[in-house]
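Those protein sequences? They're chains B, X, W and L, same order as listed.
Counting in the UniProt record's numbering, the first sequence runs from 1 upward without gaps.
Counting in the UniProt record's numbering, the second sequence runs from 1 upward without gaps.
Counting in the UniProt record's numbering, the third sequence runs from 1 upward without gaps.
Counting in the UniProt record's numbering, the fourth sequence runs from 1 upward without gaps.
These are calculated hints, taken from the structure and not from any lab test.
You may find that some hints are simply not true.
[Said to hold, decoys possible] SDA-like, lysine to any residue: derived pairs with alpha carbons at most 20 Å apart: (1) B/Lys-136 to L/Tyr-107; (2) B/Lys-358 to X/Glu-276; (3) W/Lys-136 to X/Lys-358; (4) L/Lys-136 to B/Asp-163; (5) W/Lys-358 to X/Gln-141; (6) W/Lys-386 to X/Asn-289; (7) L/Lys-136 to B/Ala-168; (8) X/Lys-136 to W/Gly-357; (9) L/Lys-136 to B/Lys-358; (10) X/Lys-136 to W/Pro-159; (11) B/Lys-136 to L/Phe-60; (12) W/Lys-136 to X/Asn-289; (13) B/Lys-136 to L/Arg-130; (14) B/Lys-136 to L/Thr-166; (15) X/Lys-136 to W/Tyr-465; (16) X/Lys-136 to W/Asp-167; (17) W/Lys-136 to X/Glu-276; (18) W/Lys-358 to L/Leu-162; (19) L/Lys-136 to B/Glu-276; (20) L/Lys-136 to B/Gly-113; (21) X/Lys-136 to W/Arg-157; (22) L/Lys-136 to B/Phe-140; (23) X/Lys-447 to X/Asn-289; (24) X/Lys-136 to W/Glu-234; (25) W/Lys-136 to X/Ala-168; (26) X/Lys-136 to W/Asp-301; (27) B/Lys-136 to L/Ala-108; (28) L/Lys-358 to L/Pro-300; (29) X/Lys-136 to W/Pro-468; (30) W/Lys-136 to X/Tyr-107; (31) X/Lys-358 to B/Glu-276; (32) W/Lys-136 to X/Asp-167; (33) B/Lys-136 to L/Lys-136; (34) W/Lys-136 to W/Asp-167; (35) L/Lys-136 to B/Tyr-158; (36) X/Lys-136 to W/Leu-203; (37) W/Lys-136 to X/Gly-384.
This structure is a prediction, so every number in the text was calculated from the model and none was measured.
4 protein chains.
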Amino acid sequence: MHTFDTHETFDGDKLHEECGVFGIIGAADAAAATALGLHALQHRGQEAVGIVSFDGAEFFNRRGIGHVADNFSTGESIAELPGTMAAGHVRYSTTGGSGLRNVQPLYAELASGGFAVAHNGNISNAGALRSELVEKGAIFQSTSDTEVIIHLVATSRYPTMLDKITDALRLVEGAYALVIMTPRGMAACRDPLGIRPLVMGQLGDATIFASETVALDVVGAEFVREVEPGELVEVDFDGTVRSHRPFGNPSPRPCIFEHVYFSRPDSYFGGHSVYESRKQIGVELARENHCDADYVIPVPDSGTPAAIGYSQQSGIPFELGIIRSHYVGRTFIQPSDGARHASVKRKHNANRSLVEGKRIVLIDDSIVRGTTSLKIVQMMRDAGAKEVHFRVASPPTGHGCYYGVDTPERSKLLAGRMDVDAMCEYIQADSLAFVSIDGLYRAVGLKGRNTACPQYCDACFTGDYPTPLTDLAARQAQSAQLSLPVGKE
Amino acid sequence: MHTFDTHETFDGDKLHEECGVFGIIGAADAAAATALGLHALQHRGQEAVGIVSFDGAEFFNRRGIGHVADNFSTGESIAELPGTMAAGHVRYSTTGGSGLRNVQPLYAELASGGFAVAHNGNISNAGALRSELVEKGAIFQSTSDTEVIIHLVATSRYPTMLDKITDALRLVEGAYALVIMTPRGMAACRDPLGIRPLVMGQLGDATIFASETVALDVVGAEFVREVEPGELVEVDFDGTVRSHRPFGNPSPRPCIFEHVYFSRPDSYFGGHSVYESRKQIGVELARENHCDADYVIPVPDSGTPAAIGYSQQSGIPFELGIIRSHYVGRTFIQPSDGARHASVKRKHNANRSLVEGKRIVLIDDSIVRGTTSLKIVQMMRDAGAKEVHFRVASPPTGHGCYYGVDTPERSKLLAGRMDVDAMCEYIQADSLAFVSIDGLYRAVGLKGRNTACPQYCDACFTGDYPTPLTDLAARQAQSAQLSLPVGKE
Amino acid sequence: MHTFDTHETFDGDKLHEECGVFGIIGAADAAAATALGLHALQHRGQEAVGIVSFDGAEFFNRRGIGHVADNFSTGESIAELPGTMAAGHVRYSTTGGSGLRNVQPLYAELASGGFAVAHNGNISNAGALRSELVEKGAIFQSTSDTEVIIHLVATSRYPTMLDKITDALRLVEGAYALVIMTPRGMAACRDPLGIRPLVMGQLGDATIFASETVALDVVGAEFVREVEPGELVEVDFDGTVRSHRPFGNPSPRPCIFEHVYFSRPDSYFGGHSVYESRKQIGVELARENHCDADYVIPVPDSGTPAAIGYSQQSGIPFELGIIRSHYVGRTFIQPSDGARHASVKRKHNANRSLVEGKRIVLIDDSIVRGTTSLKIVQMMRDAGAKEVHFRVASPPTGHGCYYGVDTPERSKLLAGRMDVDAMCEYIQADSLAFVSIDGLYRAVGLKGRNTACPQYCDACFTGDYPTPLTDLAARQAQSAQLSLPVGKE
Amino acid sequence: MHTFDTHETFDGDKLHEECGVFGIIGAADAAAATALGLHALQHRGQEAVGIVSFDGAEFFNRRGIGHVADNFSTGESIAELPGTMAAGHVRYSTTGGSGLRNVQPLYAELASGGFAVAHNGNISNAGALRSELVEKGAIFQSTSDTEVIIHLVATSRYPTMLDKITDALRLVEGAYALVIMTPRGMAACRDPLGIRPLVMGQLGDATIFASETVALDVVGAEFVREVEPGELVEVDFDGTVRSHRPFGNPSPRPCIFEHVYFSRPDSYFGGHSVYESRKQIGVELARENHCDADYVIPVPDSGTPAAIGYSQQSGIPFELGIIRSHYVGRTFIQPSDGARHASVKRKHNANRSLVEGKRIVLIDDSIVRGTTSLKIVQMMRDAGAKEVHFRVASPPTGHGCYYGVDTPERSKLLAGRMDVDAMCEYIQADSLAFVSIDGLYRAVGLKGRNTACPQYCDACFTGDYPTPLTDLAARQAQSAQLSLPVGKE
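Produce the entire structure from the sequences given, and follow the hints as far as they go.
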């Protein structure tokens, strides 16, 4: 029905963090705290959720499709997960399909006892490692890259669990923030570059690991520190915490997009308030790209902090020119395109009485495919806006991410296909500007990007990938050979 | 688990509109448009939803518990509802219990053919009318007050449907905005005082009725005019529109709380943009109750427009000091207290880095029980705020509503129990102020309240009820006699 | 997939009792007893089930689609139905469609208080009565003929409930066995001819009414007597039982098909053991229609008692030549043809080692459409039977039933279309014989059918209907006029 | 509610076959045929069902809890399983818990491609093998003993799939009838003693394997032969069938209880009609243990064939003295005791009019715990039987089975605790007799049991187990050491 298609989703056109992790050891209500913590991390993955707990003797597991609240809000669901140690995971189902068997934490019975792991990130040589393991007789129960880690641990010939895990992770390439449970306690680990975030907190005698500080806030815990890039932290049931550095000390490259969009504004990341970073990006944007207008209008809700910064720096009033319906989640992500469209449509509406006859500056956090930017501009014009200027609180996103973020292929990224002028024409704005890469680094408290040794992973903006991409290279090599004759089996 | 109870819901402590209605006649995709329109009215009732359609020969009906998107987002569900005329209803299940049989539109086979009705409002003498009807042999299938209207129509001895409906509504007292379907076409009607809203729109040849203009926007329709208080509009399948005024011309008294909270900010009500009214209330608040502070902080999201107005008038910067999770709806209403608490907890978080050490003005739209205001103030203090001043974008809510709005009994309304100083002490703010009743009337474009003949229904603020309350009076009389001996049967 | 269609259902080709009723007053666990009693009556209706209970103050209701065990086997389900009085109903959804709103007991709030009714039978002037009631403003909530009774009671101008019920039933024509609950107690009533069965039992101080005696057995109750044709029995909460005869004393005509197929073999009906009646029909069959053969083989399970009788009378050994799967119910009835075929296929298998090379006599209880008789004969021949003789334990079924039994229209009844020789040819048996109508009457202890004043309703065999059939006559008149021009509205 | 507990389940007190398997290769509708075949094997496992199919490129899998009809009766469910090869499994969840991950066929991606296996039987050294595999790094996804076979195949160092399977099965001890699928075709294998049954059939060009011949009948296939004990049959997509004998030629010992109870009476097993075997057991019983009585009455339905035989041999009339409700399955098995009682109660009823004042011989197939035999005897006496003689169509069951049959531990088997006189007293019969072990062997066509080299596995009667029981021995050794001090880890 053509008439009703006007306001397509805006948030479907975003990069998406694939996962959030949470673990707690030493708490009477470990599973309840985990459910609450995962709820605070829901924006990092809306597709599926799982919690594994350990009661000193046995592991317990509960998994479900959908939101945390759909699966873990009842007392009955929590009662299935007894014990003082628990870990959980929310996921957006890009890698590995959407079946229940891929829902994390993954669990296996090893010779050393139960082993559970929750993983945020992506192992960029998982395919190669998997092939080797299957060749030796390993049987995989999921299609998740994370299961590779379990098999590597299971077949490691080192004697202690710490050594087995280290042995396994040395073979692994890519990005990972892991929370691991064994009958001896909990371990948390961040890849050598610290691409994905992981923080540590304290709640009474309990130790907590989580993807973001908001998960600590929601359970009433104190933020202690980030797990360092390349650090492996062990916590046992006495509460003893041991830190290991099995990978030496490479320079960290955490993901700068956590500041732009992934993390919640009330989280701290890399020592900075995400809300402040975003407001500051707005300030940088206003400095770099001034614009005469009547109103600064955020694309809700992710553009709001930058719009406030832009308004304060420019002196142009901040107004709500787009009203967002509350009856859809922040992203309402679903894995298939069909479902995505059915559920995220009807999300925003123009505040016509405000916008009519006015010159406006729209502030959004990023442009991915550009399709929704185009629709927003159209919606503003349909509501009578005289001029529509578009300002983006990140540099052009021209490159895919292979570290646990769902990105379209490069050919579908607007900035992968055209320059800023062409993009402006495509979205039909009166003007378009992005914050510069140095402006972005300044907004997070640095002097600018250190080209020789960048302080963050910014590959989606720059194409500068900090690790090898083994599986990608193999796929590209295979595509290149598709025209050759296929040999006999 | 005591630790995790800190952030109770804020929106559970609101007044709640009970219903939204939508009807369309003359459209190829009547049911699809109705589903979309109801989705835009979702904030008016989250408990249940129903749509009835008519294909020229038969009526079709589909009802469900939960949100519109849960029940009417698939092609299959819409395909069950063929025809060019459809009407739908979203409800919050206060009156009449939460069973599926109470979900509207109600439908009955009368001697004249099928009859469907969707009702927003509350009939304040429904109990008395129902007793009379049952005495005569009528059998009710729901506990809804709306069914009284159907039985009155069914037993009316007037010959035409228009006369039957008029005959029925003359016996009815209270507030109602009705959308009615018969095999002859659609009728829409608003009570003589126009307490509940109802607007009329045009989409090609189709005529639409809806509780708010946003429902017209979402389907791409033009706003034509409000259905007038006391007007009954008939539309037949030729598209002919006839207006009737069966109740004379009493002075209208529409509900002023639609401006304060019920309507979406992008709706128009009584000729005013709701967003502008709310911002203007913020301006009036700032004029009436200035306050020295570092930041103006809205209680999200209903306090945001007034906070922007307050900030612009006072010059104090607008900042997001409370971050709201997107994984709960605007109100997350559920009918039982237990469910309410389980699902709305974990909704907001302090933006600690911003608030710490600062003097803040919090702006909320209203205070009902006061329990959540107290929790917000505590949350701000826990985050390090130096001073917390509370400003409310409506007068004190001291009286119950009997016109289709869910209100706690007077003894549970904070303003029903104490004066402003006591309220300030209760919520532990450094200062507390409400906009005045005249300030509220000024914000919606009047010179102030006309005490002799108030322009709006403001009974929740003033206790000045514009209609008799027959059932309430009967209940009060009954309570008064409970100590008397009960007679023989 | 053609190959797999060989063994179609046999039981789909049966006449089906539409309902079973059960009521109990004066028992601590009224609802639990009712569930158990209904389970014993499950063969009388597999489509839907409902129970209403009364706790002295309020009525409670629970209904479901499917079997008793699917809906009432848990403690939770029974706990929803408190009180010492309860009534229940199982139904096969012929009349009135299969929606949940048609599931009985029906319940209404009358001016005199709650009123619940469970009905086995069919009101043959329900359509005419309904039209009159709707004309006066009555609103029906179901499409069930039973609801007519409630509206007649609701609008009766007699003062007492007994008089209201009598007043209502005097207008009603057809077959009914009713169990009624009001706040004063329970009433049970059987139509003047007693077409449908209803028995009365005693369990401690509790009084029970049920369609068959097996329902008394299962709860451990004593059989007291049948409710007499035309009798209305009232039981109050003191246990006082009052019998009324409001319809005079017409000669009874209970349904003889209860002996043939409907009742369970372990029930008593009209003073006779149903098992004995069926065995005796087999004896009469053997006397009337001898046959040289090696084995007597029942079509399981309904042909088994007659086959035992046939074997004992004829001296031919009884053997199991058809093995029935236990993973389908006795009839596996579903309302739509599609569902019926999907679920009842794959039900029987030939016992090839037994049948091969042998002359067999197949005994079945009745032939309805004949389609399955044909399939059974084919199955026996495919298994190698040398001769297949078919003997039927009832006379040819050539007429429809309008008293609460699901029968195909006459044109689809094999005996409505052809004589016995043609039927034999159709089912491809070597010989075919039916018990005579007098043989059937002899088997139930009479000397034969009293033609002047038949002792049973045997309309399905004889076309001799004991009551007027008002709605049928109206439909036939209407069909006859379909070629006339349709007048203006 | 005490009153209603009289008629406990009878069938809950049986030995239960744990599984049925079915496989087909070369059929257009492989999955549909498999569903139908499994339905015919439903009596071998009611707890869960699964089907895996292969379409030449990919494997497809669908599993569910409950009956075949509940999970595979719709076209949609079958459409999920494309391809010309499919295998399925029904199970009763004794070993390995009732989770969905234990539902067979199990499936794994091996280095050689997909591998699916359906298993009937029990591997009596699965625990020992599993420990060894886990020690080497294998990760199990189920708790099923069957998964051991997959891991043994996955880690076998032989080059061809045939050799890998043979290599794996040589390490395995116990009973198994396997249907295996790989991308090359289907394999079927029976353990060296042929303890569990497996037959082979032909349907056009398709080859079928199934636990019983009834599954061939239902799909219209021809019975070809039994898979021989110790035989491994390979079928490829050309239809080529290859037979291998990797285990030499030990003397077979198939399970004699298949004749007594497990197989359907219309199946053939070991060259004999099961119905004939059972009738013949009745004949032997009558010869060995005559009894003066009025009626022979089967405990339905499993006692019926033996009762017919007993009646024919003794001349005492066969009558239905116990009527069985059709609204419970043959066994209504559920894994927990609680569920079992809730659902199987209310299953049988005495045919009082027949039994009253009579001397009866009850025929049942076996006595396990004896609890239900006691209840049946009581029920007959309550119905007025003058004498109740109990005859059992198998020898006393005094020993547990470890080959895939659910048996209570020996201390709960009535014949494990007492002699026949004590058993008679326990069940309160007037007399009790069992067929002798030689009588049983005679009934299946032999001269008697060959003590030196028994022709069947009859361990449940004799305690003579034909294989080692490694895991059992280990558990017993462990129990014996429980009083010793536990060493350090």
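* Given pair status - L/Pro-300, L/Lys-358, alpha carbons within 20 Å -> Within the cut-off at roughly 19 Å; holds.
* **W/Lys-136 paired with X/Asn-289 [C-alpha distance capped at 20 Å]** => With Cα atoms ~62 Å apart, W/Lys-136 and X/Asn-289 exceed 20 Å; violated.
* Taking 20 Å as the top limit, are the C-alpha atoms of L/Lys-136 and B/Asp-163 close enough? -> 17 Å, holds
* To do: Compare the distance between the alpha carbons of B/Lys-136 and L/Ala-108 with 20 Å, and conclude whether the hinted pair is satisfied.
  => 14 Å, holds
* Asked: Given the hint that L/Lys-136 pairs with B/Gly-113, does the C-alpha gap stay at or below 20 Å?
  -> 13 Å, holds
* Would the pair W/Lys-358 and L/Leu-162 pass a check requiring their Cα atoms to be no farther apart than 20 Å? -> Outside the cut-off at roughly 46 Å; violated.
* To do: Decide if the proposed pair is consistent with the structure: X/Lys-136 and W/Gly-357, CA atoms, cutoff 20 Å inclusive.
  => 74 Å, violated
* Asked: Holds or violated: are the alpha carbons of B/Lys-136 and L/Lys-136 at most 20 Å from each other?
  -> 11 Å, holds
* To do: Below or equal to 20 Å on CA atoms is what counts here, so check B/Lys-136 against L/Arg-130.
  => 17 Å, holds
* With a cut-off of 20 Å on the C-alpha distance, tell me whether L/Lys-136 and B/Glu-276 pass. => Violated, at about 52 Å.
* **Hint consistency between W/Lys-136 and X/Ala-168 [alpha-carbon to alpha-carbon, up to 20 Å]** => Since the Cα atoms of W/Lys-136 and X/Ala-168 sit roughly 16 Å apart, the hinted pair holds (cutoff 20 Å).
* Is the straight-line distance between the alpha-carbon of B/Lys-136 and that of L/Phe-60 20 Å or less? -> 25 Å, violated
In this structure, the earlier hints numbered 3, 5, 6, 8, 9, 11, 12, 15, 17, 18, 19, 24, 26, 29, 36, 37 are contradicted, and the remaining ones agree with it.
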